[in-house]
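Colleague: What follows is the residue order along each chain.
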Amino acid sequence: MNIDKKLFTLKYSPDIQSHLKPNKKDCKNCKTKACTFICPAQVYEWSEEKQELIVRYENCLECGACRIACEHKSLDWKYPKGTKGVTFKQG
Amino acid sequence: MTDNNKTDVIVVGAGPAGIACAITLARAGKEVVLIERGSFAGSKNVFGGAIYTQPTKEIFPDFETEAPVERCNIEHKFMILGKKDSTTITYRKEDNVSYSVIRAKFDRWMAEEAKKAGVILVEETVVKELIKNGTTVVGVRTELEDYFANIVILADGVNSLLARSIGLRKDIETRDVALSVKEVIKLDKDTINNRFNVGNSQGVIGEIFGGAMSGILGLGFMYTNVDSVTIGLGVTLDDLVENNYRPFEILEQLKQHPSIAPLIEGGTLKEYSAHLIPEGGYRKVPQLCDNGVMVIGDAAMLVNNLHWEGTNLAMISGKLAGETAIQALDKENYSKKTLCEYEKALKKSFIMKDLKTYKDLMNIAHARKKAFMGYYLNKINSFFEMFTSVNSIPKKEGYHKFIKSIFTDRKFTELLKDIWALLRLIWSILL
Ligand SMILES: Cc1cc2nc3c(=O)[nH]c(=O)nc-3n(C[C@H](O)[C@H](O)[C@H](O)COP(=O)(O)OP(=O)(O)OC[C@H]3O[C@@H](n4cnc5c(N)ncnc54)[C@H](O)[C@@H]3O)c2cc1C
Ligand code: SF4
Ligand code: SF4
Chain U
0 MNIDKKLFTL KYSPDIQSHL KPNKKDCKNC KTKACTFICP AQVYEWSEEK
50 QELIVRYENC LECGACRIAC EHKSLDWKYP KGTKGVTFKQ G
Chain V
0 MTDNNKTDVI VVGAGPAGIA CAITLARAGK EVVLIERGSF AGSKNVFGGA
50 IYTQPTKEIF PDFETEAPVE RCNIEHKFMI LGKKDSTTIT YRKEDNVSYS
100 VIRAKFDRWM AEEAKKAGVI LVEETVVKEL IKNGTTVVGV RTELEDYFAN
150 IVILADGVNS LLARSIGLRK DIETRDVALS VKEVIKLDKD TINNRFNVGN
200 SQGVIGEIFG GAMSGILGLG FMYTNVDSVT IGLGVTLDDL VENNYRPFEI
250 LEQLKQHPSI APLIEGGTLK EYSAHLIPEG GYRKVPQLCD NGVMVIGDAA
300 MLVNNLHWEG TNLAMISGKL AGETAIQALD KENYSKKTLC EYEKALKKSF
350 IMKDLKTYKD LMNIAHARKK AFMGYYLNKI NSFFEMFTSV NSIPKKEGYH
400 KFIKSIFTDR KFTELLKDIW ALLRLIWSIL L
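Protein sequence lines, in the order shown, are assigned to chains U and V.
Residues 0 to 90, numbered by numbering that gives the first Met the number 0, are exactly what the first sequence covers, in order.
Residues 0 to 430, numbered by numbering that gives the first Met the number 0, are exactly what the second sequence covers, in order.
Keep in mind the hints are simulated off the structure, nothing from the lab.
You may find that some hints are simply not true.
With a straight-line Cα cutoff of 20 Å, these simulated PhoX-like cross-link-like pairs (lysine-lysine) come out [said to hold, decoys possible]:
1) U:Lys77 <-> V:Lys169
2) U:Lys88 <-> V:Lys104
3) U:Lys88 <-> V:Lys185
4) U:Lys10 <-> V:Lys104
5) V:Lys336 <-> U:Lys4
6) V:Lys346 <-> U:Lys88
7) V:Lys269 <-> U:Lys10
8) U:Lys20 <-> V:Lys127
9) V:Lys169 <-> U:Lys72
10) V:Lys82 <-> V:Lys369
11) V:Lys335 <-> V:Lys347
12) V:Lys378 <-> V:Lys355
13) V:Lys127 <-> U:Lys80
14) V:Lys283 <-> V:Lys185
15) V:Lys185 <-> U:Lys10
16) U:Lys4 <-> V:Lys269
17) V:Lys400 <-> V:Lys410
18) V:Lys76 <-> V:Lys378
19) V:Lys355 <-> V:Lys283
20) U:Lys77 <-> V:Lys283
Only a predicted model underlies this, so the values are computations on that prediction, with no experimental measurement involved.
Take these sequences, add in the hints, and give me the full structure.
Modeller: Next comes the structure, spelled out in structure tokens:
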């Protein structure tokens, strides 16, 4: 089963603003781009064309792994606003 | 709460730690505000999982009959997966040591109980930062308002950005957390009863080693709920980073293992989720108290990962911090010295004692993971493969070949290192 189908089982109320803000300069120089594979919701994708990360923050599961794994420790990471983000019905 | 938004205690985070703490205070007649960022308590929370009867009863004496529990676990399966084969040790006893629960239901129930006891629960509210007066924490800043209290207790879970913001703990390293992904798979009740060989309200816990997680610090887990089966795994974040692994791909592989697939066959995915597990252990427990503030539960790294124990450490640390807060409120003294009674109580309890018992476990496991989480697990399966095969080769030859392989598969020095690591581990656990 692919990740989109998995994420489809979740209830989200996305904010209009991203709560995840990578540091563009650091991302350009980042060797591992760890966030693009460790994220359990595949929120980050590196765009070769734009030379920046595409951030699908609305899919975020709010686990915090990308903040810790960021090669440059420069990912500006916050919880979404109180009424926003993911709601687990099972957990 | 008074007009100036001041209360006795603010607890941040309505997970097991925060709720246990808040209810302890409310039962003693103290005014407590419990702030939770999710739309309800439990809505942001993910675990395996099982809650443990004895510690849960310390906070909720009647939970077995009143709380939304799923199944009472009567069997533990320890499954060692090879590529295609597996070896399982099963321990079964009709007892009530633990129950499977769904956090979205169970945490919500606990929070309702807390409300009944007088706790003021504020949901859908993120605490953005702590408010300090000099060196003392005096309140919290949320998106909408500031709240003030004599004591602020941080129960904001594994990421605890709040404890970090006031320097109580350092930033988490990738080796000190496991990233866990899990799926809750819907199956009908009778199918679960048949497949797991249990009655209607009885359940099974599976702990899964090897397989898709061979050679990395990862463990899989399986739990039975009333009409669903949970399957998931946790892998240390440094292993994911180093190996370029996508966590959900490892889970897909695990689900396809011939010993796992039949258990979940025909089920439909109800929910996918992910969460971090603190794995730093004893050596990474942060500073637990300061002027006006205490840290409890996952925020304080209080998890015994080998035993999948977290909710119990959370609840009991919450209770102990609550008891310290009651004394502090009675004395009207909220200094670090007074609040450090909590740290002393924690040290006397099973919590710090257990973490201390396993203080070397993770270091040794990190150093020898290829051997202990890979090679030897495979060896167990190959032993049973040899033992059960019927191939007209004399048994003695089979045994000799197996024993010889241990000395030829790997360098002799590696073998010595493994033995040394094992002895050190046993030594550190038992002495
Ligand atoms: C995959 C997995 C399997 C596990 N299996 C088991 C198991 O089987 N048995 C077991 O006992 N333990 C298990 N654990 C561990 C257990 O879940 C945790 O130890 C336990 O939940 C910790 O409780 P807590 O209250 O400290 O933190 P949490 O349960 O994480 O609660 C923290 C709360 O704080 C809220 N919060 C966070 N930040 C803020 C903020 N800034 N403002 C407002 N609210 C905030 C969160 O929304 C959350 O409700 C498992 C953990 C995982 C991840
Ligand atoms: S790991 Fe950090 S620096 Fe690297 S691409 Fe991701 S966010 Fe950018
Ligand atoms: S918090 Fe977790 S789910 Fe969200 S973007 Fe980061 S790694 Fe992905």
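Colleague: Each hint should be assessed against the structure and marked as holding or not.
Modeller: Here is how each hint holds up against the structure:
{"no.": "1", "hint": "U:Lys77 <-> V:Lys169", "result": "holds (17 Å)"}
{"no.": "2", "hint": "U:Lys88 <-> V:Lys104", "result": "holds (8 Å)"}
{"no.": "3", "hint": "U:Lys88 <-> V:Lys185", "result": "holds (13 Å)"}
{"no.": "4", "hint": "U:Lys10 <-> V:Lys104", "result": "holds (15 Å)"}
{"no.": "5", "hint": "V:Lys336 <-> U:Lys4", "result": "violated (52 Å)"}
{"no.": "6", "hint": "V:Lys346 <-> U:Lys88", "result": "violated (36 Å)"}
{"no.": "7", "hint": "V:Lys269 <-> U:Lys10", "result": "holds (11 Å)"}
{"no.": "8", "hint": "U:Lys20 <-> V:Lys127", "result": "holds (16 Å)"}
{"no.": "9", "hint": "V:Lys169 <-> U:Lys72", "result": "holds (13 Å)"}
{"no.": "10", "hint": "V:Lys82 <-> V:Lys369", "result": "holds (16 Å)"}
{"no.": "11", "hint": "V:Lys335 <-> V:Lys347", "result": "holds (19 Å)"}
{"no.": "12", "hint": "V:Lys378 <-> V:Lys355", "result": "violated (30 Å)"}
{"no.": "13", "hint": "V:Lys127 <-> U:Lys80", "result": "holds (10 Å)"}
{"no.": "14", "hint": "V:Lys283 <-> V:Lys185", "result": "violated (38 Å)"}
{"no.": "15", "hint": "V:Lys185 <-> U:Lys10", "result": "holds (17 Å)"}
{"no.": "16", "hint": "U:Lys4 <-> V:Lys269", "result": "holds (11 Å)"}
{"no.": "17", "hint": "V:Lys400 <-> V:Lys410", "result": "holds (17 Å)"}
{"no.": "18", "hint": "V:Lys76 <-> V:Lys378", "result": "holds (19 Å)"}
{"no.": "19", "hint": "V:Lys355 <-> V:Lys283", "result": "holds (11 Å)"}
{"no.": "20", "hint": "U:Lys77 <-> V:Lys283", "result": "violated (23 Å)"}
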